[in-house]
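Undergrad: Sequence:
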Amino acid sequence: MVRSSDGQITQMVAEKDTAWHARSANPYSIGIEHEGFIDQPSWFTDAMYRSSAALTANIADRRGIPKDRNHIKGHSEMPGNDHTDPGPNWNWDYYMQLVNGGDPNPPQYNFTTWGNGVNVRSAPKLSASVVTTLPGPTQVFVQCQVQGDTVTANGYTNNWWAKLRDQGGYMTNIYIDDPNAKLPGVPDC
Numbered sequence: 027m028v029r030s031s032d033g034q035i036t037q038m039v040a041e042k043d044t045a046w047h048a049r050s051a052n053p054y055s056i057g058i059e060h061e062g063f064i065d066q067p068s069w070f071t072d073a074m075y076r077s078s079a080a081l082t083a084n085i086a087d088r089r090g091i092p093k094d095r096n097h098i099k100g101h102s103e104m105p106g107n108d109h110t111d112p113g114p115n116w117n118w119d120y121y122m123q124l125v126n127g128g129d130p131n132p133p134q135y136n137f138t139t140w141g142n143g144v145n146v147r148s149a150p151k152l153s154a155s156v157v158t159t160l161p162g163p164t165q166v167f168v169q170c171q172v173q174g175d176t177v178t179a180n181g182y183t184n185n186w187w188a189k190l191r192d193q194g195g196y197m198t199n200i201y202i203d204d205p206n207a208k209l210p211g212v213p214d215c
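Per our numbering, the sequence shown starts with residue 27, numbered consecutively.
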């Protein structure tokens with residue numbers, strides 16, 4: 027099991043034992059579960075991708091499994107399976123690059139959010155549609171920042187918004203765990 031917020035891995039079934047995760051493929055596959063929901067891409071954090079990819083690479087190397095998409099599959103791609111995960115929001119290209127030792131898009135800005143149920147919006151406006159909701163403290167990668175609607179929360183007021191690389195939207199800087207209204211060293215959009 028790979029945790030979303032920090033990529034922590036918890037082994038629940040020994041590799042030599044059979045886990046019930048992929049129906050008819052159970053006897054010959056190793057399952058890695060990922061915390062989250064397929065229709066909420068905010069669960070698929072960079073920490074999760076990197077940790078999961080490192081685990082997959084380790085298993086593949088030890089067991090002589092080719093590190094390609096013919097051998098590394100999602101539950102939904104296994105024969106006779108009724109699972110839908112990891113779903114359309116899983117970035118297979120990025121994941122496979124990580125599995126194969128690449129670092130295609132190294133993070134430049136790494137911040138942690140605070141609060142639960144923080145909305146990521148399509149634009150830096152409170153009226154903009156919600157792209158996803160962050161479940162709790164989450165590591166995010168800020169591409170740039172821009173001024174938008176003013177937001178007040180927990181005694182703070184701020185009109186700076188961060189454009190998040192992995193979530194594909196904007197969140198107010200109020201919910202980024204940094205004392206500055208405008209994040210230091212992050213360029214304007």
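Because the hints were derived from the structure by calculation, they are not lab data.
Among the hints, erroneous ones may be present.
[Unchecked claim] Label-pair distances were calculated between CB atoms; the ranges are: (1) CYS215 <-> LYS99: 30 to 38 Å; (2) ASP214 <-> ASN96: 24 to 32 Å; (3) CYS215 <-> ASP87: 20 to 28 Å; (4) HIS109 <-> GLY211: 35 to 43 Å; (5) PRO205 <-> ASN84: 33 to 41 Å; (6) HIS109 <-> ASP214: 37 to 45 Å; (7) PRO53 <-> ALA149: 25 to 33 Å; (8) ASP119 <-> GLY143: 43 to 51 Å; (9) ASP108 <-> PRO163: 18 to 26 Å; (10) GLY211 <-> ASP65: 28 to 36 Å; (11) ASP119 <-> THR183: 14 to 22 Å.
[Stated by the list, open to error] BS3-like cross-link-like pairs, simulated, lysine-lysine; straight-line CA separation at most 27 Å: (12) LYS151 <-> LYS93; (13) LYS189 <-> LYS208; (14) LYS42 <-> LYS99; (15) LYS151 <-> LYS189; (16) LYS151 <-> LYS99.
Quick reminder that beta carbons are idealized off the backbone N, C-alpha and C, glycines included.
Undergrad: If you check the beta carbons of ASP119 and THR183, does the distance land in 14 to 22 Å?
TA: Violated: the Cβ-Cβ distance is about 40 Å, outside 14 to 22 Å.
Undergrad: PRO205 and ASN84, beta-carbon distance inside 33 to 41 Å?
TA: holds, 38 Å
Undergrad: Does the Cβ-Cβ separation between ASP119 and GLY143 fall within 43 to 51 Å?
TA: violated, 30 Å
Undergrad: For LYS151 and LYS99, compute the direct alpha-carbon distance and say whether it is at most 27 Å.
TA: Violated, at roughly 38 Å.
Undergrad: Take the C-beta atom of GLY211 and the C-beta atom of ASP65, compute their distance, and say whether it sits inside 28 to 36 Å.
TA: holds, 33 Å
Undergrad: Is the hinted pair LYS42 and LYS99 satisfied, with a Cα-Cα distance of at most 27 Å?
TA: Satisfied, since the Cα-Cα distance of roughly 19 Å is no more than 27 Å.
Undergrad: Quickly compare the C-alpha distance for LYS189 and LYS208 to 27 Å and report which way the hint goes.
TA: holds, 12 Å
Undergrad: Can the suggested window of 24 to 32 Å be confirmed for the beta-carbon pair ASP214 and ASN96?
TA: Distance hint for ASP214, ASN96 is violated at roughly 44 Å.
Undergrad: Looking only at beta-carbon atoms, does the pair ASP108, PRO163 fall within the given range of 18 to 26 Å?
TA: violated, 33 Å
Undergrad: Could one say that the CB atoms of HIS109 and GLY211 fall in the range 35 to 43 Å?
TA: holds, 41 Å
Undergrad: Going straight from one Cα to the other, do LYS151 and LYS93 come out at no more than 27 Å?
TA: violated, 42 Å
Undergrad: Tell me if the straight-line CA distance from LYS151 to LYS189 falls inside 27 Å.
TA: holds, 12 Å
Of the numbered hints listed earlier, those contradicted by the structure are 2, 3, 7, 8, 9, 11, 12 and 16.
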